[in-house]
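Trainee: Residue numbers (the numbering used here), protein chains in the order written: chain A, 25 to 291; chain B, 25 to 291.
Source of the hints: derived by calculation from the structure; they are not laboratory data. Check each hint, because a few of them may be wrong.
Take a look, some chain A residues computed to stay more than 12 Å from chain B by CB distance [said to hold, decoys possible]:
#1 ARG39
#2 ILE160
#3 ARG215
#4 ARG254
#5 ILE260
#6 VAL264
Covered stretches of chain A (chain B as the covering partner; in silico rule of three or more C-beta atoms under 8 Å from a C-beta of chain B) [claimed, not checked]:
#7 80-88
#8 94-104
#9 266-278
Treat the numbers as computed from the prediction; the structure is a model and nothing was measured. For glycine and all other residues, C-beta sits at the position ideal for the given N, C-alpha and C.
Number of protein chains: 2
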Amino acid sequence: MKSGLGAGGAQTIQRAVSLLREVSASRGRGARLTALAEAAELPVPTAHRLLAALTREGLLERDAATRGYRLGSLLYEFGLAASPDVDIRRLCASALQRLASETGDCAYVNARSGRDALCLDRREGSFAVQAAPVRIGNRRPLGVGSGALALLAILPSEEVDAVLESNARRYRRHGMSVDRVRVAVEATRARGFAVTTGRIVARFRGVALAVGNGVNGVPVALSVIAADERLDAPRIDRVVALLRREESALRAALTSELFSPAKGTLP
Amino acid sequence: MKSGLGAGGAQTIQRAVSLLREVSASRGRGARLTALAEAAELPVPTAHRLLAALTREGLLERDAATRGYRLGSLLYEFGLAASPDVDIRRLCASALQRLASETGDCAYVNARSGRDALCLDRREGSFAVQAAPVRIGNRRPLGVGSGALALLAILPSEEVDAVLESNARRYRRHGMSVDRVRVAVEATRARGFAVTTGRIVARFRGVALAVGNGVNGVPVALSVIAADERLDAPRIDRVVALLRREESALRAALTSELFSPAKGTLP
DNA sequence: GGATTTCTTCCACATTGTGGAAGTCGTCGT
DNA sequence: ACGACGACTTCCACAATGTGGAAGAAATCC
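All chains should be built: construct the whole structure from the sequences, respecting the hints.
Mentor: In C-alpha cells:
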C-alpha cells in the first residue's frame, strides 16, 4: 500500500487517531462502522479491527442500541490530565454568557485543531431550540460553519490552500465544495467577520469573529448561531458589534492572564 | 514475542495506550523515554518509535527542556467530547469544598480506572503546601495511596487478587509490595476506611472512604491528605466523620441526579 | 574532558496487521 | 411474517509494517 507522507514508524497509530477524530466529529448518538471507514478512507475490515481494539482499550465505547462508536471514558480521563495551563474555556466563559443572554441565541467558542474546527464551549440563550446542536468537543472541517469559517479565513493563504486540499473529500460530505469554501473565505476576509447561509445546518445561520492572534497560539473564534429568520441584515450588524466587544474584552483578559494564570477547578 | 492475552488484532494500539497511561501516571514535568519504556515493559527503541508516532499525532507533547513526554492537546480536545453524562466532578464539588475548608488540608476524589486509581478532582485547604501534589488526571496503581487503597478494598477478593498480580511490578517502583498492599487491604476492610502511613509520599498521610456503590457504576473514593504530624489518631477520627457525612450526602445527591441530569457548562 | 547514561538511527527479519472474499446478522419494506 | 438488502463480523493467505538488537549520537554527569 502507498504510505503517503514521511511517517517513520506508525501507520497503525495514524489510522487509529484518524478514526478517533472521525468519531469525535460525529454528532448525535455515535458513529457507525461503515461511515467511519469511509471517512477515514480505510477498508471496512481494517476499520473494524482498529475500532475493536480501541474499544477494548477504553478509548472508544459502543452504544449497544445504535451499534455506534462514541469516545470512551479513558479519553475523558486523559483529558483531565491534559488540561492546558491556559484554560480557554474559562477565559471565554463570561463572554459566552453575555453573548447568549443578550442575543437570546446560542453562543459558541471554536478553536482550530489541525484541519478541524473544534467546539470548545457553548452557551444557550433563551430562544435556542436546535434539533441537533453542535456539542462541546465536536469537530468539523475548517470552513464548514461560521466559527470554522472565521478560523479558516485568518490563516495565511498558503495554509488555507493546504487545508482546502486536505479537506476536499470531507466538504463533499457536508454538501460543500472546495470552491465554495474558498469563495466564502474571500468574502469573510473582505467583510471582517464570517456569516453562513442557512444551508449548512438547515434553517440556521451563524455569525462569527476570530479572536486577534488567538489564545496562547491557538486560533479561536466566537460565534452566535440563530434560526435564519431571526438573523436579518440589521440584526447581524448588532450581533457583530457584540462579538467585537467581546473580542476586545478577551484580548484584554489574555494580557492580564499571562501574569496570573489560575489553574484547576473553578471556585 | 509472547502476545499474552487474547488480543484480536492490535498489539500496537495496546502498547500505545499502555504508554499513554504511563505518561498520565507521571507527575511533575513529563515522563522520560527510558522510564516509560520500563514501565510499559517495552524495549526502548520500540517505545521510542511509538512515542514519536503519538507525538506526531498530537496525543503527546514533548517538553523541549526536560525531553519528557506530556499528554497532548488532542487528548484534552477528545476529553471535551467524551465528557460523561453524569459528571462525577460536579457532583463531588461541594463535598470537596467542605472537606477542604473544614480540615484545612487537601481533599481529593479518586475513581477507579482499570488497575489504576485516577485523581478526578481536588481542593486545597488553607494548610495545604505539598511539594509534588497529585494533580487532576494523575494515575497510580490501585492500592498505592489512601484513595487508591479505599477503592481497592471494596472490590471482591478475586478481583483484588487480579489487580494485585497485575500491578506487582508497579508496586515495586512505588516502594511497595503485593504482600504489603494485601495486608493494607485487609486492614482497610476491617477498619471501614483507608489510612496510609507517611511512607508512600514522604511526610504525608491520607484518610479515605469509598462511596457506596460508586457513581454510575464507577467506584469513587473521597480522601483527605495532610502532613503526617497533623494527622494523629483523634484527628483521623474527626476527618473520618466528615468523610462519612459527605459520603451520605453524595449518595443522596446521586439518587436525585438520576431524575434530573444536568449537562454541559456550569452556569 | 572523558566516562556514563540516555536518546536516536539503522536494518535484517518475521510477527503483526492487512484487506478481499465469504459468511452472519440485523433491519428494512411490503 | 418473510424475503431481500445492507451492515457487520470472521476468515485467512500474504506481505508490509512493526520489531528490537546493535551501533551510533547527544546530552549529562563527575
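Trainee: For each hint, tell me whether it holds in the structure or not.
Mentor: Results for each hint:
no.	hint	verdict
1	ARG39	10 Å, violated
2	ILE160	5 Å, violated
3	ARG215	29 Å, holds
4	ARG254	22 Å, holds
5	ILE260	26 Å, holds
6	VAL264	24 Å, holds
7	80-88	holds (count 4)
8	94-104	holds (count 11)
9	266-278	violated (count 0)
In this structure, the earlier hints numbered 1, 2 and 9 are contradicted, and the remaining ones agree with it.
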